[in-house]
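Chain by chain, the residues run as shown.
Protein chains: 2
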Amino acid sequence: MNHDDKGAPHKVVVIGAGFAGLQFIHALKHPNVAITLVDRRNHHLFQPLLYQVATTVLATSEIAWPVRHLFRDRKDVETLFGEVVGIDRAGRRLLMKEGEPIGYDTLVIATGSRHAYFGNDHWEPFAPGLKRLEDATAIRRRILLSFEKAERETDPALREALLTFVIVGAGPTGVELAGMIAELAHHTLPEEFRRIDTRKARILLIEGGPRVLAAFSPSLSDYAKAALVRLGVEVLTDSRVTECSAEGVRISDTAIACHTIIWAAGVEASPAAKWLDADADRAGRVIVRTDLTLADDERIFVLGDTASVTSQGKPVPGLAPAAKQQGAYAAKVLRRRLDGRPPPPPFHYRHQGNLATIGRHAAIIEHGKLRLRGWPAWWLWGIAHIYFLIGTRSRFAVAWSWLWSYLVGVHSARLITHRKT
Amino acid sequence: MNHDDKGAPHKVVVIGAGFAGLQFIHALKHPNVAITLVDRRNHHLFQPLLYQVATTVLATSEIAWPVRHLFRDRKDVETLFGEVVGIDRAGRRLLMKEGEPIGYDTLVIATGSRHAYFGNDHWEPFAPGLKRLEDATAIRRRILLSFEKAERETDPALREALLTFVIVGAGPTGVELAGMIAELAHHTLPEEFRRIDTRKARILLIEGGPRVLAAFSPSLSDYAKAALVRLGVEVLTDSRVTECSAEGVRISDTAIACHTIIWAAGVEASPAAKWLDADADRAGRVIVRTDLTLADDERIFVLGDTASVTSQGKPVPGLAPAAKQQGAYAAKVLRRRLDGRPPPPPFHYRHQGNLATIGRHAAIIEHGKLRLRGWPAWWLWGIAHIYFLIGTRSRFAVAWSWLWSYLVGVHSARLITHRKT
Numbered sequence: 001m002n003h004d005d006k007g008a009p010h011k012v013v014v015i016g017a018g019f020a021g022l023q024f025i026h027a028l029k030h031p032n033v034a035i036t037l038v039d040r041r042n043h044h045l046f047q048p049l050l051y052q053v054a055t056t057v058l059a060t061s062e063i064a065w066p067v068r069h070l071f072r073d074r075k076d077v078e079t080l081f082g083e084v085v086g087i088d089r090a091g092r093r094l095l096m097k098e099g100e101p102i103g104y105d106t107l108v109i110a111t112g113s114r115h116a117y118f119g120n121d122h123w124e125p126f127a128p129g130l131k132r133l134e135d136a137t138a139i140r141r142r143i144l145l146s147f148e149k150a151e152r153e154t155d156p157a158l159r160e161a162l163l164t165f166v167i168v169g170a171g172p173t174g175v176e177l178a179g180m181i182a183e184l185a186h187h188t189l190p191e192e193f194r195r196i197d198t199r200k201a202r203i204l205l206i207e208g209g210p211r212v213l214a215a216f217s218p219s220l221s222d223y224a225k226a227a228l229v230r231l232g233v234e235v236l237t238d239s240r241v242t243e244c245s246a247e248g249v250r251i252s253d254t255a256i257a258c259h260t261i262i263w264a265a266g267v268e269a270s271p272a273a274k275w276l277d278a279d280a281d282r283a284g285r286v287i288v289r290t291d292l293t294l295a296d297d298e299r300i301f302v303l304g305d306t307a308s309v310t311s312q313g314k315p316v317p318g319l320a321p322a323a324k325q326q327g328a329y330a331a332k333v334l335r336r337r338l339d340g341r342p343p344p345p346p347f348h349y350r351h352q353g354n355l356a357t358i359g360r361h362a363a364i365i366e367h368g369k370l371r372l373r374g375w376p377a378w379w380l381w382g383i384a385h386i387y388f389l390i391g392t393r394s395r396f397a398v399a400w401s402w403l404w405s406y407l408v409g410v411h412s413a414r415l416i417t418h419r420k421t
Numbered sequence: 001m002n003h004d005d006k007g008a009p010h011k012v013v014v015i016g017a018g019f020a021g022l023q024f025i026h027a028l029k030h031p032n033v034a035i036t037l038v039d040r041r042n043h044h045l046f047q048p049l050l051y052q053v054a055t056t057v058l059a060t061s062e063i064a065w066p067v068r069h070l071f072r073d074r075k076d077v078e079t080l081f082g083e084v085v086g087i088d089r090a091g092r093r094l095l096m097k098e099g100e101p102i103g104y105d106t107l108v109i110a111t112g113s114r115h116a117y118f119g120n121d122h123w124e125p126f127a128p129g130l131k132r133l134e135d136a137t138a139i140r141r142r143i144l145l146s147f148e149k150a151e152r153e154t155d156p157a158l159r160e161a162l163l164t165f166v167i168v169g170a171g172p173t174g175v176e177l178a179g180m181i182a183e184l185a186h187h188t189l190p191e192e193f194r195r196i197d198t199r200k201a202r203i204l205l206i207e208g209g210p211r212v213l214a215a216f217s218p219s220l221s222d223y224a225k226a227a228l229v230r231l232g233v234e235v236l237t238d239s240r241v242t243e244c245s246a247e248g249v250r251i252s253d254t255a256i257a258c259h260t261i262i263w264a265a266g267v268e269a270s271p272a273a274k275w276l277d278a279d280a281d282r283a284g285r286v287i288v289r290t291d292l293t294l295a296d297d298e299r300i301f302v303l304g305d306t307a308s309v310t311s312q313g314k315p316v317p318g319l320a321p322a323a324k325q326q327g328a329y330a331a332k333v334l335r336r337r338l339d340g341r342p343p344p345p346p347f348h349y350r351h352q353g354n355l356a357t358i359g360r361h362a363a364i365i366e367h368g369k370l371r372l373r374g375w376p377a378w379w380l381w382g383i384a385h386i387y388f389l390i391g392t393r394s395r396f397a398v399a400w401s402w403l404w405s406y407l408v409g410v411h412s413a414r415l416i417t418h419r420k421t
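Line order of the protein sequences matches chains G and A.
Quick note: the first sequence uses this note's numbering, first residue 1, plus one each step.
Quick note: the second sequence uses this note's numbering, first residue 1, plus one each step.
Hints may be right or wrong, so weigh each one.
It does not matter which identical chain is used: a pair holds within one copy or between any two.
[Claimed, not checked] With a Cα cut of at most 30 Å, we get these calculated BS3-like pairs of lysine-lysine:
1) 149 / 131
2) 200 / 332
3) 332 / 75
4) 149 / 314
5) 314 / 11
6) 200 / 369
7) 29 / 149
8) 75 / 274
9) 75 / 11
10) 274 / 200
11) 314 / 200
12) 149 / 332
13) 274 / 369
14) 369 / 75
15) 369 / 149
16) 369 / 11
17) 29 / 75
18) 97 / 149
19) 314 / 97
20) 29 / 369
21) 314 / 75
22) 75 / 200
23) 131 / 97
It should be emphasised that the hints constitute simulated quantities derived from the structure, not laboratory data.
Computed from a predicted structure; not experimentally measured.
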């Protein structure tokens, strides 16, 4: 269907099928708009559960949905699979890696973030981060291969390095990864190996700041640390990684030999600021006005992890609910603009609280003055996440995988695939 | 656990965690035996459903199980992850790609088969076959990318090539692939694309012989062909592929431009015959005696697709039930030998019938004089396959994926991952 045939609707192009981009499209239903969604991947990814793919609990297809399918009933939305390499602002078009440029009247950039190594990009091959589906399967492969190689290794020092897992960064992702790897080593795998004792695996969680899960109040943070220690995780706070290599990590002057390092220490925005030649903050996020558009170009919205946004004087955090709120808000701004109505009040972020899990039985939740921990928090966490998944099929499938893993203690997706790493 | 500590049990090494290898281990319980299972992969694969991963119906983890987990309660079994590169028969040990050789008293080789290009191995990059989990995700990626690229392609000839899918070989795998791709193009995807009409995709099934599914009786074969045509598959029998390239296929003198070719035309055995320097048939299968051992070495069994076996004067087919029967039989031979009892009668293959599905609603079953077709056969096929899956979790997960796909018509695993191809 060529939209030009029916008399030039307003052409909206959205880059990125993450939480912000999808919510924007859901909220923008307007008779005179034609939407093009562009993404490098064919799937929307439920990033909050990505760590469960990396730690063999969930299958890839349980947390990813073909984007095109999500909008099959929206004839005003077309999906294009391709990689943006630049933006021609004067010509109002996207430059693509392959094929023709894509023109726009309004552009929405919601390309997310990627892991950042703070000037040490050469660490990436040794300390992969967790952002895409492929990252999760690569980390899963590395974890599982470590145990397999240890089983065949005869040199005790090499065996010990294979059984040492280092997670850098004790935010929610780092804590969740450390907890799940500890459960895997200490509870799921011991029965299955004959030569090694997987319970002797060391899982180190290294944090530069003074406490884990710094976004939570100190009491919940302490609880999380204690829960991690109970699971067998060694938590090192106020510790800075000074080197990552094929041999292991270095913390200040101490070298720790290890085969698996996972980077969960920081993110930086996608290169949108460079495409736009726009002002960015230190994390590379594009600085936008309170209506989420560029200061010098109201045709361009920047949303989610790609944008540096403040609300009531405070920076808006890089969380899925914040991205969704921005998507809905930008759609409202554009709808009003197209209808010739005055703009809405500035973007106002409503914080819905913080959640994090530690292993299979504990979680912490903070919502205003409400603080929950232990198994009630774990159940609430699980129900909330299943609720936010897309579609009945996935909800059932994830609920089934979790129930099985919870009751039987067996992880279902322990596959080593693509042995190229 | 080192078995030598408890007084030198008989050391059995099994190469290959397919149907034959697993069944052998299940059937070989003997107080004085220590079993080592060696495989290049960490998972057992339910190959009969691999085509459903390639065609986006099932997720990888639904048809693959970590081998080590299957034998967690068998303390007499150890699993080693590694690649065999040769066999030192004089020294009675396996030579490994990495690490120490592995010694054996009895060796069981069940390394399966791989696709064969009959002297045209250079076709493989253009016409991948379907044997491993990675093959399935690679073919899935190729199929999905063809539609995605066609949506963005402006040249009508290139677009047509992207929407042409050629499957070479009309055995069960070829028929199942053709049927599922036709369903995908004609039923699942049309609503989701805006520029192309996926119903115009051409799906060609090319067969060198005079009919599809030649293992079945002519009437069922005719029924299958008619069912394929109804689904929109073009069936070309008595047609020989003379070239596969990046541009497409050539059938005798006719060139057909296409982006996706899938090879389902033939298999050859794994290189076990070379490792053993043993006699092999034309498909590379090791010729064994009626007790499934080598003519000149009763310490070595060869099973499943790797072996050339006859039963009542007829060659045993390369099917999962045949592999399982051979595994169970070899275990019996070895048990009796260890106990000093006389050997059992020669291997006798009991044919359990042939099954094949065509798309989501039809199947054919032949069991002796019983011939079933249409939806009763489809349901029986489904129930049989769920029954043969391993473990409650997988049975539920696959049943749920199928039910969903059947009722809602939506495939759940439409993910393009690892875009390296």
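Now the hints, each set against the structure:
1. 149 / 131: This pair counts as both: shortest intra-copy Cα distance 26 Å, inter-copy 25 Å.
2. 200 / 332: Neither: 55 Å inside a copy, 39 Å across copies.
3. 332 / 75: within (20 Å within a copy, 63 Å between copies)
4. 149 / 314: Neither, since 48 Å and 43 Å both go past 30 Å.
5. 314 / 11: So residue 314 and residue 11 fail the 30 Å test inside a copy (33 Å) and across (68 Å) alike.
6. 200 / 369: neither (39 Å within a copy, 59 Å between copies)
7. 29 / 149: between (54 Å within a copy, 27 Å between copies)
8. 75 / 274: neither (32 Å within a copy, 59 Å between copies)
9. 75 / 11: within (14 Å within a copy, 65 Å between copies)
10. 274 / 200: For residue 274 and residue 200, neither the intra-copy (47 Å) nor the inter-copy (41 Å) Cα distance is at most 30 Å.
11. 314 / 200: The answer is neither: 44 Å in one copy and 54 Å across copies each exceed 30 Å.
12. 149 / 332: neither (54 Å within a copy, 33 Å between copies)
13. 274 / 369: neither (40 Å within a copy, 71 Å between copies)
14. 369 / 75: Neither, since 44 Å and 52 Å both go past 30 Å.
15. 369 / 149: Neither way: residue 369 and residue 149 sit 48 Å apart in one copy and 51 Å across, limit 30 Å.
16. 369 / 11: neither (44 Å within a copy, 64 Å between copies)
17. 29 / 75: Classified as within; 11 Å inside a copy, 62 Å across copies.
18. 97 / 149: Answer is between; shortest inter-copy Cα gap is 13 Å, intra-copy 40 Å.
19. 314 / 97: neither (37 Å within a copy, 57 Å between copies)
20. 29 / 369: neither (37 Å within a copy, 60 Å between copies)
21. 314 / 75: neither (39 Å within a copy, 59 Å between copies)
22. 75 / 200: Between copies only: 19 Å across, 56 Å inside.
23. 131 / 97: Intra 22 Å, inter 33 Å, cutoff 30 Å: intra-copy only.
When held up to the earlier numbered hints, the structure conflicts with 2, 4, 5, 6, 8, 10, 11, 12, 13, 14, 15, 16, 19, 20 and 21 and fits the remainder.
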